[in-house]
Amino acid sequence: MKNALKILLIEDDTIEVMKLNRATSSLNMNHQIIEAKNGEVALELLKDHSALPDIILLDLNMPKINGIEFLRILKNDDRLKYIPTIILTTSNNQKDLLECYKIGIAGYVLKPLKYEEYVSKIEKLLAYWRMNELIEA
Amino acid sequence: MNKEEVDILKRALAREKAARKAAEKILEEKSAELYDLTQELQSSNEQLEKLVKEKTSELRGVFENIIDAYVVIDLWGNVLKMNDSAVSLLGYNNEIQDFNLLELADVSEAEHIMNGFHSIKYEGSITDFQVKINTKNRGQRLVHINASLIIDEENNPIAAQGIVRDITQEKAAEKQLIESENRLATLIQNLDSGVLLEDENRTIALTNKKFCELFKIPLNPEELIGQDCTNSAEDSKVLFEEPEAFVDRINSIIEKRELVLGDELVMVNGTVLERDYIPIFEDSTYKGHLWKYKDITLRQKYRQSIEAEREKYSNIIANMNLGLIEVSVDDEILMANNSFLEMSGYSEDELIGQIAHNTFATDDSKKRIVNENLDRKKGLSNSYEIEVYRKDGVLRNWLISGAPNYSLNGEVVGSIGIHLDITNLKNLQRQKETLLKELEKSNDELQEYAHIVSHDLKSPLRSINALVSWIKEDNNGKLDKLSLQNFDHIETTLEKMELLISDVLEYSSIGSNVTAKNDIDLNELVEDLKRILFVPDHISINILNPLPVIKGEKTKLQQLFQNLISNAIKFNDKAHGIIEIDVKEKSSYYQFSISDNGVGIDKQYHDKIFKIFHALNKSKDSTGIGLSIVKKIIDLYKGEIWIESEEGLGTTFHFTLKK
Numbered sequence: 001m002k003n004a005l006k007i008l009l010i011e012d013d014t015i016e017v018m019k020l021n022r023a024t025s026s027l028n029m030n031h032q033i034i035e036a037k038n039g040e041v042a043l044e045l046l047k048d049h050s051a052l053p054d055i056i057l058l059d060l061n062m063p064k065i066n067g068i069e070f071l072r073i074l075k076n077d078d079r080l081k082y083i084p085t086i087i088l089t090t091s092n093n094q095k096d097l098l099e100c101y102k103i104g105i106a107g108y109v110l111k112p113l114k115y116e117e118y119v120s121k122i123e124k125l126l127a128y129w130r131m132n133e134l135i136e137a
Numbered sequence: 001m002n003k004e005e006v007d008i009l010k011r012a013l014a015r016e017k018a019a020r021k022a023a024e025k026i027l028e029e030k031s032a033e034l035y036d037l038t039q040e041l042q043s044s045n046e047q048l049e050k051l052v053k054e055k056t057s058e059l060r061g062v063f064e065n066i067i068d069a070y071v072v073i074d075l076w077g078n079v080l081k082m083n084d085s086a087v088s089l090l091g092y093n094n095e096i097q098d099f100n101l102l103e104l105a106d107v108s109e110a111e112h113i114m115n116g117f118h119s120i121k122y123e124g125s126i127t128d129f130q131v132k133i134n135t136k137n138r139g140q141r142l143v144h145i146n147a148s149l150i151i152d153e154e155n156n157p158i159a160a161q162g163i164v165r166d167i168t169q170e171k172a173a174e175k176q177l178i179e180s181e182n183r184l185a186t187l188i189q190n191l192d193s194g195v196l197l198e199d200e201n202r203t204i205a206l207t208n209k210k211f212c213e214l215f216k217i218p219l220n221p222e223e224l225i226g227q228d229c230t231n232s233a234e235d236s237k238v239l240f241e242e243p244e245a246f247v248d249r250i251n252s253i254i255e256k257r258e259l260v261l262g263d264e265l266v267m268v269n270g271t272v273l274e275r276d277y278i279p280i281f282e283d284s285t286y287k288g289h290l291w292k293y294k295d296i297t298l299r300q301k302y303r304q305s306i307e308a309e310r311e312k313y314s315n316i317i318a319n320m321n322l323g324l325i326e327v328s329v330d331d332e333i334l335m336a337n338n339s340f341l342e343m344s345g346y347s348e349d350e351l352i353g354q355i356a357h358n359t360f361a362t363d364d365s366k367k368r369i370v371n372e373n374l375d376r377k378k379g380l381s382n383s384y385e386i387e388v389y390r391k392d393g394v395l396r397n398w399l400i401s402g403a404p405n406y407s408l409n410g411e412v413v414g415s416i417g418i419h420l421d422i423t424n425l426k427n428l429q430r431q432k433e434t435l436l437k438e439l440e441k442s443n444d445e446l447q448e449y450a451h452i453v454s455h456d457l458k459s460p461l462r463s464i465n466a467l468v469s470w471i472k473e474d475n476n477g478k479l480d481k482l483s484l485q486n487f488d489h490i491e492t493t494l495e496k497m498e499l500l501i502s503d504v505l506e507y508s509s510i511g512s513n514v515t516a517k518n519d520i521d522l523n524e525l526v527e528d529l530k531r532i533l534f535v536p537d538h539i540s541i542n543i544l545n546p547l548p549v550i551k552g553e554k555t556k557l558q559q560l561f562q563n564l565i566s567n568a569i570k571f572n573d574k575a576h577g578i579i580e581i582d583v584k585e586k587s588s589y590y591q592f593s594i595s596d597n598g599v600g601i602d603k604q605y606h607d608k609i610f611k612i613f614h615a616l617n618k619s620k621d622s623t624g625i626g627l628s629i630v631k632k633i634i635d636l637y638k639g640e641i642w643i644e645s646e647e648g649l650g651t652t653f654h655f656t657l658k659k
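Top line first, the protein sequences correspond to chains G and X. Note that this note's numbering has the first sequence beginning at 1, numbered continuously upward. Note that this note's numbering has the second sequence beginning at 1, numbered continuously upward.
Hints in this document: simulated from the structure, not taken from any laboratory. Keep in mind the model is a prediction, meaning the values are calculated, not measured. Any given hint could be a false lead.
Residues of chain X placed beyond 12 Å of chain G at every Cβ, according to the derived structure [as the list claims (entries may be wrong)]:
no.	residue
1	E24
2	L48
3	Q169
4	L184
5	E264
6	I296
7	A403
8	D582
SDA-like mimics (lysine to any residue), calculated; alpha carbons at most 20 Å apart, straight line [said to hold, decoys possible]:
no.	chain 1	residue 1	chain 2	residue 2
9	X	K391	X	L334
10	X	K496	G	L110
11	G	K114	X	D488
Think of the CB as a built atom: it goes at the ideal place given N, C-alpha and C, for glycine as much as any other residue.
Use the sequences and the hints to build the structure in full.
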């Protein structure tokens, strides 16, 4: 079991980024959070195969490359396709859900309205992944 | 002797001499006469002898050569003599064995034979005596006998001779002839045509009932026979519409003595007659003529009505708004109506004789027409669409209804095609299809849009909620009670806003993403809902009758029941809330009811509550969209919903779902 996870958060909303940071710190988790404002930035970061994240938290509604497009690129990459990718979104669109599972995801988490609920979900999510054995970078 | 004496003597002698001479002469004459007579007698005797000889041989010849059987019998019927014909007819020969003619007669003829024999004996002969006899070799024959008695010099009867003719066949033929004559007579008598046979003197030889009937002659046909016809035309002319023409025509026909068939005559009473005139010649000698009159009034009427029908349909075909062509089995155009000419842009002359599919059809349509024509030959009809070029080169769509065309013998001789130009219709259809596709696309886009909007609207709410939490957290203990209360209000408002956005999204989603219909057990569905929904302890939900299994989408049916049940829970103000769900099965649908004993709804709002955003009770968990969603789902299932309610007592929602 790892003490801390290396998390790549792909999210364009500043407050959402703040929420994850605040949640992890308030939970006293020592996870390392790498931020990417959009898919392009994320792909750039992922080029460095020596510093790959343990998991990716991915928002769907983003400018430029949207979440699903990013997911497709990821899953077509021989190396990157092994990184567990969890969707973190507001969209409960059945179509999106289906499409994501079809391409291949490790989870689909809806962002709740209440911050407390959000913290609770993130806590469980990260606890779960910390528990998992992952392919080392 | 004196001189005187001598003279006297001399004179006497002279007288004596003269007398002797005269006597001698007379004698001589007489002797010559006698000689002549003898001569005459001799020759006549010779002649007689010759005559007798001739007659005898003639008779022998007759007897021997007579074709009919000749028999001579004694007075007891024993055959004395018979010729060859008799032998071959009767089968017996008296030269071989004696036999009695009477014994040959059939038993049934015994009395008849006795009478015949009696006649011969006492009257000397019989003629035309017919009797059945049993011959030796030829079975029973009917024979005809002429016989006479033979008498000796003292007038005593000694034998009888007779000629026997076999008339068995003759009789049968005669019988047949009579029968056929009778038949013919009956036929003529009862013929449906009036017949009048006149001889060369214009005397009636034969006529029949129908003739008398047609010409209103109050007599039997038999009574007319022998009457003169010279004036009959004149007598009958009043019966006809054009009396003078009638008489003139008859006179001219009779004068010409030529066959005339099918003259039509109109009678005053409206009857139409068809007349045939047949002159009769025997060895090119005029022997009379036959008139035949036939009542063709009915036929004429039929012909007229057929003619009228034909006229009517010709007019319809010519003027109908559908193009009609008649083609041969090789698709050669035989006929085209006005509408077809207009449709195609060709003139009649340009079309007749052309091969239809080569004239109009596009390559694809040509194949279609050729195939269809094969079906026509099999007697099949069909409707199909083809693409054609008009004369001006414009492409049009035609709908053709083709049917085989039959000859009088029932053979397919081609087909008849009715054409409708459906180009405009076709364009509209294409437009409709495009529109439908566009609609589908824009529906999808709208759906997508709704999701994005709802996401974009919800995101700031979440952010605000997070920020408020942080402010509260960061200023823990520093905020006064009122501020904390206001923060709570902000949070409540955010929740309300979130719910509203979710409901709007849900409402807009109904009817867009249609998934396959499955069998849904509503009992199961409601039981599930009872677990999912928050049901306070003082409220009980009862299903009165087992709910049916219906075809539908689970999510929509769930939304339907969820909204109605949660409303019933939400608006219950009683100490013991009771919610009852029931169903009645009708022929083509189920009628459900969900009733509560809650606050009830004022009558004036009964119609309004199904409209969107029309919440009667503004509360934190009511957006006014729930019943609109219910209505929309029921509309989707082609059902109906209505309400029964009294303020303060409760509400019953009735709705129907198709089976």
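Tested hints:
1. E24: Holds, because the least Cβ-Cβ distance between E24 of chain X and chain G comes to about 185 Å, which exceeds 12 Å.
2. L48: holds, 152 Å
3. Q169: Non-interface label on Q169 of chain X holds, nearest chain G Cβ at 109 Å vs cutoff 12 Å.
4. L184: holds, 99 Å
5. E264: holds, 87 Å
6. I296: Consistent with the label, I296 of chain X stays out of reach of chain G, its closest Cβ about 84 Å off (over 12 Å).
7. A403: Its Cβ never comes within 12 Å of chain G, the nearest being 52 Å, so this holds.
8. D582: holds, 32 Å
9. X:K391 with X:L334: holds, 18 Å
10. X:K496 with G:L110: Cα-Cα ~18 Å, so holds.
11. G:K114 with X:D488: It holds: about 12 Å lies between the C-alpha atoms, which stays within 20 Å.
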